[in-house]
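Listed in order, the protein sequences are those of chains C and R. Numbering-wise, the first sequence is residues 1 to 304 according to the UniProt record's numbering. Numbering-wise, the second sequence is residues 1 to 335 according to the UniProt record's numbering.
Source of the hints: derived by calculation from the structure; they are not laboratory data. Treat each hint with caution, since some may be false.
Where chain R lies over chain C, by a calculated footprint (3+ residues, C-beta under 8 Å) [claimed, not checked]:
hint : stretch
1    : 13-23
2    : 106-115
3    : 144-151
DSS-like mimics (lysine-lysine), calculated; alpha carbons at most 27 Å apart, straight line [claimed, not checked]:
hint : chain 1 : residue 1 : chain 2 : residue 2
4    : C       : K138      : R       : K313
5    : C       : K11       : C       : K64
6    : R       : K108      : C       : K242
7    : C       : K201      : R       : K28
8    : R       : K313      : C       : K23
9    : R       : K313      : C       : K64
10   : C       : K247      : R       : K108
On the chain C side, residues computed to face chain R include the following (Cβ under 8 Å) [to be verified]:
hint : residue
11   : V128
12   : R174
13   : H183
14   : Y234
A virtual CB, placed ideally from N, CA and C, is assigned to each residue, including glycine.
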Amino acid sequence: LIYCYRKPKTKRAKRFLEKREPKLKENTKNAMLIKGGNANLRVTEVLKDIYAVKKPFAVLYKKKNITRPFEDQTSLEFFSKKSDCSLFLFGSHNKKRPNNLIIGRMFDYHVLDMIELGIEKFVSLKDVKNSKCPEGTKPMLIFAGDMFDVNEEYRRLKSLLIDFFRGPSVPSIRLAGLEYVLHFTAVDGKIYMRSYKVLLKKSGCKIPRIELEEMGPSLDLVMRRTHLASDDLYKLSLKQPKALKPKKKKNISHDVFGTTYGRIHMQKQDLGKLQTRKMKGLKKRPAEKSAEDGGVSPKKSKSA
Amino acid sequence: MAAVRVEEVLAAAEEREAEKRRSVTVEKELELEFDLGNLLALDRNPPAAAGLRGAGPRREALLRALARDNTQLLVARLWELPAERAGGAGGPLVARLPEPAFRLPREKPPPRPRPPTRWEQFARLKGIRRRKRTSLVWDEQAKEWRRRWGYRRAGGDPARAWLAEVPAGADPQEDQFARLRREKRERVARNELNRLRNLARAHRAGTTVPAAPLHPTGHQSREELGHVTRVARVSTASLGRFQPRLPKEPAEPPSRSGGRKRRFEPLLGNLAAERSRQLELLRDMGSKKPVLDITRAVNKQLRQEEAEAAAAKGKKQSQRGKRGRRQQRPGRSSK
């Protein structure tokens with residue numbers, strides 16, 4: 001908005017542009033789900049299911065787009081700019097790469113990372129006849145397997161999947177509403193994605209016992225090509241502005257046990273003039289003050 | 001006797017407590033890593049690969065058990081967070097989540113602070129601060145609170161102002177309404193000019209990039225990369241004169257003309273070259289054979305025309321196909 005050569009003439013246009021400009025605390029990332037030139041039924045169903053999971057932070061394009069993301073990214077970048085989406089999922093199918101899914105993200109409307117995954121098995125939302133959780137539930141994400149830490153590509157994939165599925169960032173969450181969990185296991189060069197509905201059962205103590213019910217899309221994926229951003233570009237994209245860092249409160253410290261300690265800085269005090277508890281008997285009479293005699297109390301003598 | 005019974009009771013109670021707790025505890029080799037701000041749990045334990053290899057319901061059962069265990073641990077952690085009842089005593093139990101710890105890349109680069117405009121610089125110099133103005137102003141004539149500007153503003157509708165006083169030193173024949181309109185147009189134009197100037201200043205201050213920057217994705221055409229390398233080579237203190245070349249890089253001949261395309265020979269230079277050139281020119285003029293080979297030129301032209309026609313035909317067909325699908329043209333289908 002600040003760099004607009006054409007000022008917006010209506011408040012609505014102004015709000016639209018303000019939503020899209022770079023901000024300190026960013027909006028939730030939107031995802032665009034695109035079909036390639038030869039997307040088959042399976043790939044289309046996968047896209048539809050992921051759209052259902054990611055609603056309302058996703059856009060599903062209905063028409064087929066004949067592009068090859070790994071060769072030419074301009075089409076994707078154009079779409080990203082038009083719909084203000086920084087995550088994308090591109091599905092296609094051909095003989096060499098059957099049931100292909102390219103998951104990727106953008107930085108500043110340019111492609112940052114792209115990973116191509118092949119779908120080996122897919123169970124759709126409608127194939128599993130269960131009750132589903134409401135739309136827009138923030139899912140719990142669990143990654144199992146040491147591959148997600150050891151291998152660089154898997155690490156980026158983990159970061160991509162977290163970015164894709166995490167949903168809006170919330171300050172607090174209703175504990176009874178933790179209904180959806182997405183579990184990713186990396187084993188044997190394959191990645192198993194399963195979604196479960198969480199049932200909180202009574203247990204003796206405060207923490208409920210968890211029972212899982214299979215629900216929702218489950219995918220068996222295998223990693224194919226990758227196009228990862230260079231290290232410095234990735235570091236640049238991770239950079240957070242200084243203003244977002246939590247301000248340290250000075251003079252407050254915590255110890256191991258959780259006790260909070262505070263530090264107060266005082267000026268030099270005259271300990272002679274400290275206000276302590278008043279003891280009327282020790283009060284100095286004006287006559288005594290001049291004489292500086294702290295012996296017999298004149299009150300006693302008076303009463304006597 | 002009673003003491004033994006008490007001990008038994010205590011042991012039984014202990015057993016029951018342990019039993020309850022057993023249902024929610026999970027044994028893992030390595031502790032999971034949690035990022036509660038993102039509701040994220042990372043399990044580093046290598047999964048039982050043998051069981052997961054065979055496809056079928058057994059694999060599903062194993063995956064489900066693993067998921068159950070991990071979810072149990074995550075939920076246990078979430079339940080330990082400080083929770084309160086949102087919306088009074090009867091509201092739902094709500095846990096306060098910490099900030100997300102897992103570093104994820106941003107969507108767009110952080111906003112750059114823009115340089116102050118001319119007015120802002122002046123105001124800072126003079127110490128002028130912004131006065132907060134009320135949005136409503138009391139209108140004496142309408143006897144109500146009207147907005148400061150906009151629809152139904154306080155001073156009456158300016159389009160309907162039927163009186164425009166002639167100021168003291170002005171020409172009596174001048175059209176005051178025209179003058180007011182002209183002055184408003186000038187003010188608007190000046191404001192717009194200043195805004196654009198501020199924008200240009202900000203833009204100039206912000207972008208200090210070279211003419212042909214490197215594309216962020218690393219996919220760039222060969223010519224662009226060549227241009228960038230050429231610019232980079234020359235951007236040294238000695239203007240690229242002592243810059244070493246890469247092993248396979250061809251040595252670029254110094255263009256003495258400095259990039260100009262047409263070059264003319266010096267007037268009093270190579271006499272022999274001039275003589276030979278003049279003689280060749282005379283020979284060509286005198287000979288019967290034409291310099292231009294007509295057949296070759298015509299063939300070339302024909303080939304070019306054919307290629308253009310083929311390209312146009314292909315484009316037209318696809319265009320016509322698209323149009324045909326969208327609109328039903330009445331006469332065309334009979335063809």
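Restraint status (C-alpha distance of C:K201 to R:K28 at most 27 Å): holds, 22 Å
Going by Cβ atoms only, is C:Y234 closer than 8 Å to chain R? holds, 7 Å
Taking the least C-beta to C-beta distance, is C:V128 closer than 8 Å to chain R? violated, 11 Å
Would you check chain R against the stretch 144-151 of chain C, counting CB to CB pairs closer than 8 Å, and say if three or more residues qualify? holds (count 5)
Can you confirm whether the C-alpha distance between R:K313 and C:K23 stays at or below 27 Å? Violated - the C-alpha atoms of C:K23 and R:K313 are around 49 Å apart, more than 27 Å.
Supplied contact hint for C:H183, tested at 8 Å Cβ to chain R: This interface hint holds because 4 Å falls under the 8 Å limit.
Take the C-alpha atoms of R:K108 and C:K242, compute the straight-line distance between them, and say whether it is at most 27 Å. holds, 15 Å
Holds or violated: R:K313 and C:K64, Cα atoms, limit 27 Å. holds, 24 Å
For the stretch 106-115 of chain C, count the residues whose Cβ lies under 8 Å from any Cβ of chain R; is that count three or more? Three-residue rule met by the stretch 106-115 of chain C, so holds; n is 7.
Decide if the proposed pair is consistent with the structure: C:K11 and C:K64, CA atoms, cutoff 27 Å inclusive. violated, 35 Å
Going straight from one Cα to the other, do C:K247 and R:K108 come out at no more than 27 Å? holds, 23 Å
Using C-beta distances, would you say chain R covers the stretch 13-23 of chain C, given that this needs three or more residues below 8 Å? Contact hint for the stretch 13-23 of chain C vs chain R: holds, 3 residues under 8 Å.
When each numbered hint is compared with the structure, violations occur for hints 4, 5, 8, 11.
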